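Starting from the given sequences, assemble the full structure and let the hints guide the process.
Protein chains: 2
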Amino acid sequence: MDVFESVVKRLEVKSYLDKPVPMNIVREILEAGRLSPSAMNLQPWRFIVVKDKETLKKIGALSPSGPYIADAAFAIAIVAEPESRWYQIDTARAAQNMMLVAWNRGVGSRWVGSIKRDEVKKLLAIPAEMHLVTVLPFGYPKKPRRGTKKNRKPLSEIAHLERYGQIFFH
Amino acid sequence: MDVFESVVKRLEVKSYLDKPVPMNIVREILEAGRLSPSAMNLQPWRFIVVKDKETLKKIGALSPSGPYIADAAFAIAIVAEPESRWYQIDTARAAQNMMLVAWNRGVGSRWVGSIKRDEVKKLLAIPAEMHLVTVLPFGYPKKPRRGTKKNRKPLSEIAHLERYGQIFFH
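In order, the protein sequence lines correspond to chains U and D. According to our numbering, the first sequence is numbered sequentially starting from 1. According to our numbering, the second sequence is numbered sequentially starting from 1001.
Please keep in mind that the hints were generated in silico from the structure rather than gathered at the bench. What you are looking at is a predicted structure, and each value in this text was computed from that prediction instead of being measured. Any given hint could be a false lead.
The list that follows gives simulated cross-link-like pairs (lysine-lysine, BS3-like), each with its CA atoms no further than 27 Å apart [stated by the list, open to error]:
1) U/K14 x U/K153
2) U/K153 x D/K1009
3) U/K9 x D/K1009
Derived, one-sided and incomplete: chain U residues facing chain D with beta-carbon distance under 8 Å [unchecked claim]:
4) D2
5) V8
6) R34
7) I48
8) K51
9) I89
10) Q96
11) N104
12) G106
13) K150
14) K153
15) L155
16) L161
17) E162
18) F168
In silico contact screen, one side only, chain D against chain U (beta carbon under 10 Å); selected entries [unchecked claim]:
19) E1005
20) R1010
21) L1017
22) V1049
23) V1133
Positions of the beta carbon are idealized from the N, C-alpha and C atoms, including for glycine.
Structure representation (structure tokens):
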């Protein structure tokens, strides 16, 4: 799929078919994260692939904004090194790369923000000093949607030219 | 260009040809940002397109890690609303979308982290309470590089299976 088409059409997906994602696709998604850019090329990330259904259920129960993690084909917990100053930006860029590459293979995903991080860290044996940035659930969408209809502000509200407040004419 | 190919091959680019980027491509890049996902769909961003050469030179001089902004065909200053709790993650995902869509059209870019933000905000008339996240320079690469050689840690160092510390066998 073309990059622009993928970025334009990709939706955050939170309901998944009960259908496994082949490991070559999981690997491609990990490669997308691994090859991402990061500040000073520090690559401050670790990616924990969770496939075990019981663990996914437990993470879902510990995620107020992501109970649907329980139904994912797999999830990737993104963990960052404590000494990294820019880990939020670096891992968000890596996550976006992973989610777009997944979409390219028909696999949906969604950023989950609200997670009981201390408990999920214990569950996944993540050292206390590491940051648990997010847990991204992945799976084939239950309701495939088409088209580019997205509820977004128009460019005239968010794009400026040369100076803040000067409308970008397009 | 295929999404996986683009993610695998895209490089951060800091030297640019003295060649303008057509406005339809600038617009496509803005669309990629506009259509990005964000926490609670708040879209807490503003994108300021800077094309004026004098302004680009001034921003370059105010960016310890990005003097090459001076040579960009254009730049996009990413600004975030002060009340957003998740603006770093939201804007980093939008930036990654924009940078991939640019790459898809042969346009390079690079994340610039070290910027004298207060001074650049004054230069671009950005209200004091807004966050200036980054200024992304864009332009056609001076030295087009091919291939996928990237200096990155192997998957065996950064990918785990089910629990932190368990090597991901692939």
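Verification of the hints:
no., hint, verdict
1, U/K14 x U/K153, "holds (23 Å)"
2, U/K153 x D/K1009, "violated (31 Å)"
3, U/K9 x D/K1009, "holds (22 Å)"
4, D2, "holds (7 Å)"
5, V8, "holds (6 Å)"
6, R34, "holds (6 Å)"
7, I48, "holds (4 Å)"
8, K51, "holds (7 Å)"
9, I89, "holds (4 Å)"
10, Q96, "holds (4 Å)"
11, N104, "holds (4 Å)"
12, G106, "violated (12 Å)"
13, K150, "holds (6 Å)"
14, K153, "holds (5 Å)"
15, L155, "holds (6 Å)"
16, L161, "holds (5 Å)"
17, E162, "holds (6 Å)"
18, F168, "holds (6 Å)"
19, E1005, "holds (9 Å)"
20, R1010, "holds (8 Å)"
21, L1017, "violated (21 Å)"
22, V1049, "holds (5 Å)"
23, V1133, "holds (8 Å)"
Hint compliance for this structure: hints 2, 12, 21 are broken, all remaining hints hold.
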